[in-house]
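Take the sequences, apply the hints, and build the full model.
There are 2 protein chains.
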Amino acid sequence: MTEEAEAGINLQPHSGSEQQAPQFLRDVIFHGKFKLLKALTPEESTQCQHGLFFQDGQRRVDYVLTYPVKKPGGSRSSRQSVQLLAENAVACSLRCGPHSCGEDLRHHQAQRTGNPSCLQSSTMADVEGETFNGHDDQKAFRREEFEGKLRDMGLELEKDEISKIPGVGFVKIHAPFNILCREAEFMKLKMPTKKVYEVKQSSGIVEKISSLVSKVVEPLHPHVEEHQPKNIKHLSHTFSREKQHLFDLSDKDYFFDSKTRSSIVFEILKRTKCKATYSMGITSLLGSGVYTAAYPLHDGDINEESAEPNDRKLLYEEWANYSVFYKYQPIGLVRKYFGEKIGLYFAWLGLYTQMLIPASVVGVIVFLYGCATVDDNIPSMEICHPKNNITMCPLCDRVCSYWKLSTACGTARASHLFDNPTTVFFSIFMALWAAMFMEHWKRRQMRLNYEWDLTGFEDEEEALKDHPRAEYEFQVMQKSLRKDRKSQHKMEKLTCRDRLPAYMANVVMMLLMIGVTFAIVFGVILYRISTKAALHMSSSLITRNHVQLTVKTTAAIINLVVILILDEVYGAVARWLTVLEIPKTDKSFEERLIFKTFILKFFNAFTPIIYIAFFRGRLVGRPGSYLYVFESYRMEECTHGGCLMELCIQLSITMLGKQLIQNNLFEIGIPKLKKLIRFIRSKQGAFQEEERQKKLKRYETDHFLEPFAGLTPEYMEMIIQFGFVTLFVASFPLAPLFALLNNIIEIRLDAKKFVTELRRPVAARAKDIGIWYNILKGVAKVAVIINAFVISFTSDFIPRMVYQYMYSPDGSMHGFVNHTLSYFNVSHFQAGKETLDPLYLGYPVEICRYKDYREPPWSATPYEISKEFWAVLAFRLVFVIVFQNVVMLMSDIVDWLIPDIPKDISMQIHKEKILLVDLFMKEEQGKIHILESRASTGTKEIFSRSNNNVSSTTAHSCSRLHTKSTKASNASDDVSIVQS
Amino acid sequence: MTEEAEAGINLQPHSGSEQQAPQFLRDVIFHGKFKLLKALTPEESTQCQHGLFFQDGQRRVDYVLTYPVKKPGGSRSSRQSVQLLAENAVACSLRCGPHSCGEDLRHHQAQRTGNPSCLQSSTMADVEGETFNGHDDQKAFRREEFEGKLRDMGLELEKDEISKIPGVGFVKIHAPFNILCREAEFMKLKMPTKKVYEVKQSSGIVEKISSLVSKVVEPLHPHVEEHQPKNIKHLSHTFSREKQHLFDLSDKDYFFDSKTRSSIVFEILKRTKCKATYSMGITSLLGSGVYTAAYPLHDGDINEESAEPNDRKLLYEEWANYSVFYKYQPIGLVRKYFGEKIGLYFAWLGLYTQMLIPASVVGVIVFLYGCATVDDNIPSMEICHPKNNITMCPLCDRVCSYWKLSTACGTARASHLFDNPTTVFFSIFMALWAAMFMEHWKRRQMRLNYEWDLTGFEDEEEALKDHPRAEYEFQVMQKSLRKDRKSQHKMEKLTCRDRLPAYMANVVMMLLMIGVTFAIVFGVILYRISTKAALHMSSSLITRNHVQLTVKTTAAIINLVVILILDEVYGAVARWLTVLEIPKTDKSFEERLIFKTFILKFFNAFTPIIYIAFFRGRLVGRPGSYLYVFESYRMEECTHGGCLMELCIQLSITMLGKQLIQNNLFEIGIPKLKKLIRFIRSKQGAFQEEERQKKLKRYETDHFLEPFAGLTPEYMEMIIQFGFVTLFVASFPLAPLFALLNNIIEIRLDAKKFVTELRRPVAARAKDIGIWYNILKGVAKVAVIINAFVISFTSDFIPRMVYQYMYSPDGSMHGFVNHTLSYFNVSHFQAGKETLDPLYLGYPVEICRYKDYREPPWSATPYEISKEFWAVLAFRLVFVIVFQNVVMLMSDIVDWLIPDIPKDISMQIHKEKILLVDLFMKEEQGKIHILESRASTGTKEIFSRSNNNVSSTTAHSCSRLHTKSTKASNASDDVSIVQS
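Heads up: the sequence lines are chains F and S, in that order. Reading the first sequence from the start, the letters are residues 17 to 996 in our numbering. Reading the second sequence from the start, the letters are residues 17 to 996 in our numbering.
In case anyone wonders, no lab produced these hints; they're calculated from the structure. From the three backbone atoms N, C-alpha and C, an ideal C-beta is built for every residue, glycine too. One thing to keep in mind: the hints can contain errors.
What the hints assert, rightly or not - Mimicking DSS-like on lysine-lysine, the simulated pairs with C-alpha atoms at most 25 Å apart in a straight line are:
#1 F/927 x S/783
#2 F/204 x S/206
#3 F/289 x S/938
#4 F/249 x F/919
#5 F/929 x S/783
#6 F/929 x S/600
#7 S/927 x F/204
#8 F/929 x S/204
#9 F/224 x F/919
#10 S/927 x F/289
#11 F/793 x S/797
#12 F/919 x S/783
#13 S/329 x S/268
#14 F/783 x S/927
#15 S/927 x F/603
#16 F/929 x S/603
#17 S/204 x F/938
#18 F/204 x F/259
#19 F/793 x S/793
#20 S/357 x S/204
#21 F/927 x S/289
#22 F/797 x S/458
#23 S/783 x F/783
#24 S/919 x F/600
Said to hold, decoys possible - Some chain F residues flagged as far from chain S (calculated, every beta-carbon gap over 10 Å):
#25 152
#26 213
#27 233
#28 317
#29 417
#30 441
#31 490
#32 676
#33 692
#34 761
#35 773
#36 780
Here is the structure:
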C-alpha cells in the first residue's frame, strides 16, 4: 500500500453502493494477482504455505471462518464464486448507478433498517442458479450476504475451498490498517504513544532493599526479553485518528498486535447484521450452522525447530512447561498473546499460588507442632495409660459388647495432630490470610491495570457492546410475531411473564438437585450404618476387627465417586437451566451460569463434609434411649477422639481425590481424546498422517484444536479449592499444602492447554475478574463462621478450656477424660437392646460410661442434661461470637489498612495524567506558533467563516486559530476587538 | 464584545509579556470608560449599585477577594494603582520587548520555574516607593504579584477601595468567556449540547401507576418551574472548544451559570502560584493574611420585594422556608445554585428523612402494641397482683429494708411498653431498613449522577486537582531548607519519621480523650450511687420516696450537659490534632478530621448508653456478697423491669436534648450571634445602620455573612442521629419518630442557613457522599450486633422464651416472675450490712428474694450459679449468633436483590451513549459530504502534507478528508492507490 492510501482512513463504514463496486473489483484484481505472485518468490510461497497471510503474502489473516462444503475439490467453484461476486458488483453498480450519488443517505438508511439492499437482491438472483440445493442453498446464500456486508465494512476476504481438509471451506479475513484505526477509535483502545517517561523508583533504603530482592529473585523470572527497559514506560492514550501524530505508526503492520487485530475483526463480525431484526452477527450464524467455526489464528508453530520465533513458541518454552514450575509467569506476554481477561486469570492463579506458600508453611508447622506434642497431651496420655480402667458402653446394639477406653488410644493420639490449641491460631491466621489475599489481589489488579493501560477504561463501555444473544433475539422475534395484531412493530422485550416458566423450572430444578445431594449424603450414611451393623454381625474375627477401616474407606470412595459424577451432571444441568432462561446478553448468561454452577457444585462438594462436621455424632441419643433410623439402625457415633479426625479424613480424601482425578486426569485426558476423535473423524482421505500434518496450513492446523470454552471451569475449580483451603482449615491444616502442590501443576497444565490444545481465544478486555471476586469474598466470609463452629463444636478445644479453668481441681488437664464421660447403669438398657456378650471384657459390668454431659443414674434427674453441658455450650457459643466478630473486624482492618491502589501506582497514574496534559498544552502552543507565522503570510481568504453546522468543527478551529494569531501580532487592534 | 473576539479563544494561558501589555492597557481604558458609563443610563447604574457587575454594568463579578486597607477613603489611590499597573506594563513591554517574540518559550519557562519574571521585577521596582510600610508593604507586594498573575491567566480584575466598609478593599474578578471555555475544557466539565432526546417512560401498567402516583404527590413538589419538559433531556458532552458547535452558545453570558463561573475562577485562583516552591494559590495567601476573604457572590437579594427574580430568592421561597416543610426539596435548583456536593448532602438528608417515615410509623405501631397489650402481660400482671406476696431483699445496705415486689408494679408495666416480642421484630425491621436505606441511596445517587451529568466524571480527575495544602508545602520547604547540604533540591516529601511526633500526639490524645469520656461516665455512676445512698439516709420521707426520680433526672441532665460540652471540645481537639498531622491534601485533611471527630463524638454520645445497656446491673454480686465501689458503695442495680427501661429513658433524654439544644439552639443562635458581633465590630462609622444596609453593594453585603465551613458538621450530626435511630432501636422504638420530627425542621434550618446566613460556597463537584457512606455502613453493621445483644441481654425476651418452652409447667408465662427470683436466707447477710429496720413490712423476714439465677440456700452448693442460668445464657448467645447472621445475610440479600443502578437510568445512560456515537458518526459523514463538494472545486494546494509534528493534527485531518473525497469521486483511480 502507498502511504497516501493508508493515511486516507475510511470514515464511512456504510458508504453505499458506489463504494462496494471498487472493492469487489479489487478482489478480482487480487485473485488475478495471486497466481502471478505465487509463482514468483519461494519466500512468499512458504509464507503462504504457513497460512498466516493471504495468498499475496502481504495481508495477514486476522480471523478465519469455516463452513461446510459438500463437494470436495473444485478450484473451479472457488474461482467461480470470486467471478460471481465481481459480476454481482458490476450488476449492482449498474442497477443502482443512477441514484447512487443523490440518494446516498436514503440508500444508507434503507440498508440500516434491513430492507434488502441492491447487492443482496442481485446476489440472490445470481446465486439461485447454482449447484447448491435446499438447506445448503439457504446457508450459502446467507454466507454470501454476510460476506458482502463484511466487505461493506471494509474487511478483506479470501476464500479457500481447496484445502486439504475435505468438506471444510475457509474464509480468511484481513482487516486493513484504516479499518483497524477506525475500529480502535470506536472501541476506545488505549495505545502506547511515542512519548516515553521514566517510572520513578522509590528512593533511599526502600530502593536498595527492592533492588536486592529483585537480584535474589532474578533466576525466578522467565527468560522473556522485553522490548523496553523496565523503568521506561510508554505514555498511552485512547487511540484517535485525529491524534494520529501521537502514535508511532512507522511500522503499520505491527502497530496493532495480532491479538488486537483479531479482537477488532471479531467486534465487526459480532455487530454485522445478516438479516433484519433477527440474527445478529457471527454468533447466530454459528448457531444456525451457516458457519461451523470462527477463530483467530495462532501466531505460529511451536514444535518444529525450523519455526521462526513467535510469541506462541516463547510462551510454550517459558510458560507452558513443567520444567519452569518454580518461575514467575510471563504475565505480560500472556496478556499480549491472549488478552487481558485470560491474563488476569493467570495473574490471579499465580498470586493465589504464591499466597498459598506462607499458608502451607504455617499449616505444616501447625501439623508438626501437633506431632511433636502428641506425647505431652494429657487427655490422650490418660486414655492410653495402661492403668486406665474405664469401661465404655457398647457401640452398637446386641452384637457389640462393652469395651475398654484404652483401645481408643490410637485415634485419641491421632486426633491431637489436628485438634490442638494451634488450630485456633491457624484458623484465625487463615481468615486473615484470606483477607490479605483479597487485598493483595485488588492491588495486583490495579498494578496490572496500570501496566496494561486499562486505567481509564470503564466496564460500562464494554457493557455497551454487549449485543443481545441470538437466542434472546429469536425469542423476542417469535413473541412479536405472535402479538403482531396489537403491537405496531415496536421494540419488544421478554417480560417476567414470558420468563416465568423458565424461572419456575430453574427454581424447581435447583431445589431438586440440592435435594439429590442431600439424598446421596443420607444414602452414604445409611450405607455406613448398615454395613457396619452387618459387618459387626459377621462371624469372622478379622472382618470385625477391620470394620472401621473397611466402612470408612468404602464410604469415602463412594462419596468421592458420587461427587465426581454429580459435578459433571450439575455442570450440564446448570448450563441447560441457563439456556432455558434466555438471558439477554452474554454477560448475564455467564453470570447466571456461574451462579447456578457455583451453588450446585458447592453443595455437592461440601454437604458430606458439613454433615460430618456438625451433625454426625450429635443426634445419637444416649444409652437406653438411642435414636434409631428406620427403627433398627442406630445413628452414627464419632470415635472417641471426636469427629474432627473423621472430618479430616473425609476432607483429605475428597480434596486429594477431586484434584488428582478431576483436575489432572480429566483435564489432560479428555481434550486429548476429543482431539483424537475429531482427527479420526475427519480423516477420510488415504494419505499419510505425518505428511499431511506438515503440509497443513496454519488455519487448517488450528481447525483441529479444541475451541475455547471460557474461563468458567478453570475459575470454578479454583474457587472450590479455595473453599477447601479456607472453610474447614481448622480441621485440616495441611489443606493449603495440598492446594499449593496441585496449583503448581495446574498453572502449567492450564498454560499448556491454552498454548497447544485450544484454538486461540479472541482477546477480551477486562479490568477485573468480575463475579469471581465477589464469590471469593463470600467464601471467605462463610469460612470465618464455619471455622468458628468447627473449633467450638467439632473440636474438643472449648470443653478442654472449660475443664481446665472451671472444673479442674489443680488447674491442669488431668481428669478431663473422666469429666467428659457420663455414667450409665446397664440395667437401664431397653429390653432387646442389651449386649449379647456382657462378659466380653472378662468381668460383669454394672456401670458403663459414654461420652456426654448428663446426670449420673444416682442423681435426682438421671440422664438429664447436666449443668456442665449448659456451661460448655455457653462457652462454645461465646467463642463463636467472639471469634466471628474479632476475625471479621480484623479482616475489615486489614482491608482498611492496605490501600487498594499501591502508592507507587497511584503516583504513576497521577504523573501520567500530568504528562498527558502537558503534552497537549505544548502541542496547542506549538500549533499557535505555526499558525502565527503562517498568518503573517496572509492566507485569510481560505478561512471563510460559515455557520454551516456540518463543517463547523474544522472551520471553527481554523478561524479560531487565525483570530488568535491576528490578535497576537496586532496587539492594540486586538484590544478593541475583544473588549468592545 | 464582538462576536469575532469571542470566537477567538485564548489558547495560550502563559502568553508572555507581549500579551500582558494589551491587557493592562485594556484595564486603563476600562477605568476610563466607567466614568462615562456611570453617568449615562440609570438602569446600568442600578446594576452597578447591586454590585453584581463590574462598573461597566456588563461584566459579571464571578469572585471577590477582600484585603485589609489601612487608610480609609482614597479614590486617588485606587486610580493611582491602576495607573501604576499600566506603567508597569509599558515598562515591561519596553524592557522585554526585544526578546519577546523570539524568546517566547524561554520566557514562559522562566515564569514557570518561578524566576522573577519581567513583570514582577518591574512591579517591585515601582511599588517600592509607595505609601505601604513594613509588613503591609510585603503583603501589598504579594497582592500585586498575585493579581498580575491572575491577569496573565486571562482574568479581569477591578479594585474597589472606596467601599462603604472602612478598612476593607475588594478585588472583583471577572472571567471572560474565552477563559471560561478554556478552563471548562481543562476541568472536563460536562455541558448540555443542543441535541435533546426524549426520556422514555416505562410502558403499560407501570406507566399508568407512576403517572397516578405523580398526580397524587403533585402538591408535594415545590413550585420551581423547569426550563424544559420533564421527559426531554439535553444530551451532554464534555465541553471542548473543538466541539463548540455542539453546544448552544447563543447566549454566552448564561451558558456557564454563576456557580460554574465561580468554581472556574476558584480553580484558577487555587492553582496560580504566587512565589516559587512555597505558597500555592489563594489558600496560602488567605492563610498568611495577604487577603482576608475570598468568596463568590450570591445571586441577588431575597428580602426586598423590588429584587428581580433570581435563584437565591426562589430557593428562599420554595426551599428555605418552614411553611413548605411537607414538600420535596427542589434538589435540581439547589445543585444549580450550590453545586453537586451540597446538592448531594440535601438529597441524602431528604432521602433519609423520607425513609424515616415508614420507620417511625412502624415504631409507633410497635409502641402502641406495647400500650395495648400492657394489661395482658402475664409477668407484670403477676407483679401487680394484690395477692402477690413476694418479699424482696433490700436495695441498699443498712438504711434500706425489705420491700414488696408489688410496689414495682409501675415500672414493670412501663417496661412492657418497650420490652415485648414486637421489639425483636422491630429491630430486625430496622436492620433491614438500614440496608434498604443504603441501597436506596446508592440508587438515588446514581439517578442524580445521571440527571446532573456526572456519569462519566471520575473522582480520580478530581484527585488530580488536589493541590498540596499550604501548610504541607511550608513544612516541606522548611525540611528541604534544613537538609539543603545533602540534597540537590529534589522534590522532598514528609516521611513517616517527620510525622512521628504528630502521630504519637494523635494516638495519645485520642486515647486520653476516650479515657476522659470513660472517666466522666464513671463519675456520673459514682454521683448516682453516692447521691442515692445519701438521699436514702435522709430523714424526710418525701425525699426518700422521690429518690429514684431525683437521682435519675439529675444524672441524666448532668450526662447531657457533659455530652454537649465535650462535643464542642472534641470537635476542637480533632481539628487541632489534624492540623498537627499536616496532611498533604485537603481531601486527606478532611478525611482524617472526619475520622477523628467521628470516633470522639461517637464515644461521647454512646458510652453512657452502652454502660447502661450492657454493664449496669450485671456487676452487682448477690445478697451477702455484694460488689462494692470504694468499699462502701454498692454497684447500681436495675429496677425490677430490667435495665431496658432505664436505657430507654437515657436514650430519649440524650437524643431529644442533643437535638433540641445542639441542633436547633446552637445552629440558629450562634451564627446569628457571630454575625451580630462581626457587624458591630466593623461598625466604626456613625451613620445609620438601616440606611447603610440598603446602600451596600452585593459583595459588601456578602462580606458580612458567615463563611462556609464545610459540610462535615452537618453530616456528623446526622450520622450521630442515625446511630441513635439504629443502634439501640430495640430499646426505644420511638427514636425514628423523634429523628423524623427533628429532620423536618433540620432540612429547612440548614437550607435557611445556606441561603441567608452563609456566604455562597464555591461549587464542588462530587459523585457521592464519600467517606460518609462508609461510616453509615459501619454504623449499620455495628447496629446489628448491638441490637442482638440488647434483645438477648438487656431485655427479658430470652428468659421469658426459655421459661415458656423449657420450664413452664403449662407452657404459659405464669410463674415466670417466681422463676427469675432466687432465694436468700437473711441470716447469711454479712455483719454490718443487714438492714436496720427488719420489721419495715410489719413481719419478720427469713427468706428474701433477689433477681438472679442462683441455687437456693438449701441446696448442696448454696448461692452458686444455677443450671437455669447457663441454659438461659446459652439461649441468649444462640439468639445473638442467629440474629446477627440472619440479619446480616438478609441485608446482603437486600443489597444483592436491589440493583445499584436503577434499570431505567442504566437504559438512559446506554441510550445517551448510543445517541452520542450516532451524532458523531453523522457529523463525520456530513463533513465528508461538504469536503467532497469542495474537493471538486479544486483547493488542493492548501492542504500541503507536512510531517511537521506541531501542525499535524489540523493538517492530517485535512489531508485525510481530502484523500477520502478524492477516493470517493474517483473510484478506479482509488483502487490502485489503496491497494498497490
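Verification of the hints:
1. F/927 x S/783: The given pair, whose Cα atoms are some 23 Å apart, holds under the 25 Å limit.
2. F/204 x S/206: Given that 25 Å is the threshold and the Cα spacing comes to 19 Å, the pair holds.
3. F/289 x S/938: Status holds; Cα separation ~20 Å.
4. F/249 x F/919: holds, 17 Å
5. F/929 x S/783: holds, 20 Å
6. F/929 x S/600: holds, 19 Å
7. S/927 x F/204: holds, 18 Å
8. F/929 x S/204: holds, 13 Å
9. F/224 x F/919: Within the cut-off at roughly 18 Å; holds.
10. S/927 x F/289: holds, 20 Å
11. F/793 x S/797: holds, 17 Å
12. F/919 x S/783: holds, 23 Å
13. S/329 x S/268: It holds: about 23 Å lies between the C-alpha atoms, which stays within 25 Å.
14. F/783 x S/927: At roughly 23 Å apart (the allowed maximum being 25 Å), residue 927 of chain S and residue 783 of chain F satisfy the hint.
15. S/927 x F/603: Within the cut-off at roughly 19 Å; holds.
16. F/929 x S/603: holds, 19 Å
17. S/204 x F/938: holds, 18 Å
18. F/204 x F/259: holds, 13 Å
19. F/793 x S/793: Given pair residue 793 of chain F, residue 793 of chain S holds - Cα atoms ~17 Å apart, limit 25 Å.
20. S/357 x S/204: holds, 17 Å
21. F/927 x S/289: holds, 20 Å
22. F/797 x S/458: Cα-Cα ~23 Å, so holds.
23. S/783 x F/783: Since the Cα atoms of residue 783 of chain S and residue 783 of chain F sit roughly 21 Å apart, the hinted pair holds (cutoff 25 Å).
24. S/919 x F/600: This hinted pair holds, its Cα atoms lying about 14 Å apart.
25. 152: Consistent with the label, residue 152 of chain F stays out of reach of chain S, its closest Cβ about 33 Å off (over 10 Å).
26. 213: holds, 15 Å
27. 233: Consistent with the label, residue 233 of chain F stays out of reach of chain S, its closest Cβ about 26 Å off (over 10 Å).
28. 317: holds, 30 Å
29. 417: The claim stands: residue 417 of chain F keeps its Cβ more than 10 Å from every Cβ of chain S (closest is about 34 Å).
30. 441: Holds: least Cβ distance 22 Å, greater than 10 Å.
31. 490: About 22 Å separates residue 490 of chain F from the closest Cβ of chain S, which puts it past 10 Å; holds.
32. 676: With a cut-off of 10 Å, residue 676 of chain F remains clear of chain S, as the shortest Cβ separation is near 35 Å.
33. 692: holds, 43 Å
34. 761: Non-interface label on residue 761 of chain F holds, nearest chain S Cβ at 35 Å vs cutoff 10 Å.
35. 773: holds, 37 Å
36. 780: Holds, because the least Cβ-Cβ distance between residue 780 of chain F and chain S comes to about 20 Å, which exceeds 10 Å.
Hint compliance for this structure: every hint is met.
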